[in-house]
Amino acid sequence: MTVEEILAALEEKFGAKREMQDKWGVTAIVSASYLHNVVQFIKDETGIKFDMLVDIAGIDYLTYPNHEGPRYAVAYAFKSMKNPGARIRLKVLVSEEDLKVPTISDLYANANWYEREVYDLSQGLPCPEAPVALDERLPASAVGTAP
Amino acid sequence: MIVLDPNGEKLNLMPLNVGPSHPATHGCLRFMAAMDGETIVASVEEIGYLHRGFEKMVERGTWQQVVPYTDRLNYCSAIMNNIAFCRAVENMFQVEIPERCKVLRVIVNELSRINDHFVCVAAAFQDLGGTTPFMYAFNPREEIMCIWEKLTGARLTNSFARIGGLSRDSYAGFEQDVLAALNSTEKALKDLHACLDRNRIFLDRTVGIGKISAEKAISYGWTGPCLRASGVASDLRKDEPYYDYETYDWEVVVGTQGDCNDRLQVRLAEIEESVKIVRQALKRLTPGPVDLVDPRIRVPSHKLAYQDMEGLIGRFKSVYEGIRVPEGEYYCGSECANGELGFTIISDGSGHPYRIKVRRSLLHSMNSSKAVSWLTPWPCFRVSTLLLENLTDERTYYWRCPICLEQSFEVRPSGAAD
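From first to last, the protein sequence lines stand for chains A and B.
With the numbering used here, letter number 122 in the first sequence gets 122, and the count goes up by one each step, no holes.
Just so we're on the same page, the numbering used here is the position in the second sequence counted from 1, plus 147.
Derived by calculation from the structure, the hints in this document are not laboratory data.
Just so you know, these numbers come straight off a predicted model, no measurement behind them.
For each residue, glycine too, the CB sits at the ideal point set by N, CA and C.
Only true hints are included.
Using 25 Å as the maximum straight-line C-alpha spacing, the simulated SDA-like pairs for lysine to any residue come out as follows:
hint	chain 1	residue 1	chain 2	residue 2
1	A	Lys-49	B	Val-400
2	A	Lys-23	B	Gly-498
3	A	Lys-49	B	Lys-363
4	B	Lys-203	A	Thr-63
5	A	Lys-43	B	Asp-386
6	B	Lys-385	A	Ile-48
7	B	Lys-249	A	Gly-25
8	A	Lys-23	B	Pro-473
9	A	Lys-49	B	Val-401
10	B	Lys-358	A	Leu-107
11	A	Lys-23	B	His-499
12	A	Lys-82	B	Ala-361
13	B	Lys-358	B	Asn-154
14	B	Lys-385	A	Trp-24
15	A	Lys-82	B	Glu-420
16	B	Lys-385	B	Glu-333
17	A	Lys-43	B	Lys-385
18	A	Lys-23	B	Tyr-390
19	A	Lys-82	B	Glu-387
20	A	Lys-23	B	Arg-471
21	B	Lys-249	B	His-449
22	B	Lys-363	A	Phe-41
23	A	Lys-82	B	Val-399
24	B	Lys-203	A	Asn-112
25	B	Lys-385	A	Pro-84
Just a few of them, taken from the derived set where beta-carbon distance is under 10 Å, the chain A residues facing chain B:
hint	residue
26	Val-54
27	Asp-55
28	Ala-111
Could you put together the complete structure from these sequences and hints?
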């Protein structure tokens with residue numbers, strides 16, 4: 001199974017869409033409600049097992065020229081240890097009205113810190129529901145989201 | 148401090164605050180450890196004492212102005228970081244850099260790796276109580292630092308790579324200097340092995356300490372020598388080859404135990420492999436251009452700018468407006484000294500990056516310290532994630548101690564309200 005085939009499977013199973021902005025790799029746009037299932041699928045059920053979460057990036061499109069669609073996005077990068085060189089990215093679009101992205105910290109041990117980094121540092125994106133109470137992410141003196 | 152362990156047994160532990168240490172020392176972080184004798188039973192780590200805002204700062208400048216910031220991601224192998232960034236942007240342009248540039252980048256990459264590994268190994272021994280390895284490792288390192296000085300004008304946070312080339316070609320006598328540094332490196336390796344391999348104190352403090360299994364290391368996102376020490380032969384130079392790394396004769400070094408000793412020995416063995424690569428690369432170093440001749444990517448040389456109208460326009464535009472990287476989103480990772488250094492790049496097609504997110508290789512090892520430090524002595528942490536500059540862009544995170552119930556062991560930031 002190639003990465004392209006996995007993308008096709010994601011399109012079929014989870015209604016994912018290819019992110020055309022990624023002209024150099026494979027990125028699938030998935031809905032937040034399916035994120036956990038999609039990640040579980042690419043981690044365990046595909047031929048290429050994407051067993052390493054490489055990075056999570058929070059993106060704010062506020063000043064992006066001619067941007068259409070939700071203001072925020074959270075981009076996940078995965079790679080496979082079993083099939084060296086295989087990589088895939090997932091992207092969840094997040095609107096200001098519904099600032100919630102499910103956590104994947106039960107699937108990858110390093111997800112928690114990254115999710116909290118998205119929350120704390122990514123340009124005010126109050127996002128993934130990392131399984132810690134809100135007050136533990138930032139010092140007790142911090143109020144609201146990161147500047 | 149009386150606490151209950153996960154099985155409900157009472158333990159009498161001593162809370163110990165370690166750090167925050169000064170940024171100039173390795174590891175600007177703070178630990179709150181629960182000690183049973185000399186053993187850490189639980190720890191709460193706090194990072195982010197040097198939040199520099201790399202990701203936000205680079206949005207303000209042009210693409211080329213990102214390069215000096217990347218040096219600071221790991222000052223022990225600064226040039227390697229700017230090469231990783233330039234490679235990502237060059238991939239977005241889908242251009243091939245000239246052959247001489249490729250070979251020079253391989254040479255400085257591997258010399259940086261040697262430098263970085265030497266610092267890591269030497270400082271780890273320092274922490275374990277032995278100062279001699281420091282002297283052995285820093286002799287060849289000094290020679291490499293002198294090469295950096297001649298090459299870039301700076302010793303520490305030096306920039307050499309540029310998008311589409313290098314800041315300048317190598318100097319006369321570069322090859323001889325590199326060869327001399329390689330010879331000293333090999334001598335230092337012999338000395339280090341003689342000093343450490345059968346050193347009872349050292350082995351007692353590293354063998355079987357801080358073990359992590361391959362599965363766990365992968366799940367924690369470990370890359371680089373720390374992951375390879377756990378027996379996973381993962382190296383981007385082989386898996387996703389660039390700069391013709393696949394054509395050089397070298398091996399990926401893997402460990403078997405995944406303990407502190409393996410992580411150090413893998414680094415020492417990787418120095419040997421890097422020496423092999425540099426020796427081969429020196430033979431491939433033939434005269435030729437180091438920069439792309441394309442004013443849309445690489446700023447035209449002064450010579451061109453003064454004699455040619457197009458060159459002048461190109462220079463003016465790329466300095467004032469910045470090069471225009473194709474619009475899109477891209478993730479590109481390179482094998483740096485401590486693992487995969489990746490950049491998620493969002494370009495809106497203008498002369499400035501819209502957003503750059505850095506994937507720091509060491510954040511992952513740091514993250515897993517609660518898994519590794521469970522019932523292990525202190526030095527294991529130093530060995531696994533010695534250089535924490537990569538961490539310094541992070542904000543403080545707090546962990547509640549996994550072992551302590553009823554918040555009996557809670558870390559609070561200094562100055563925070565109770």
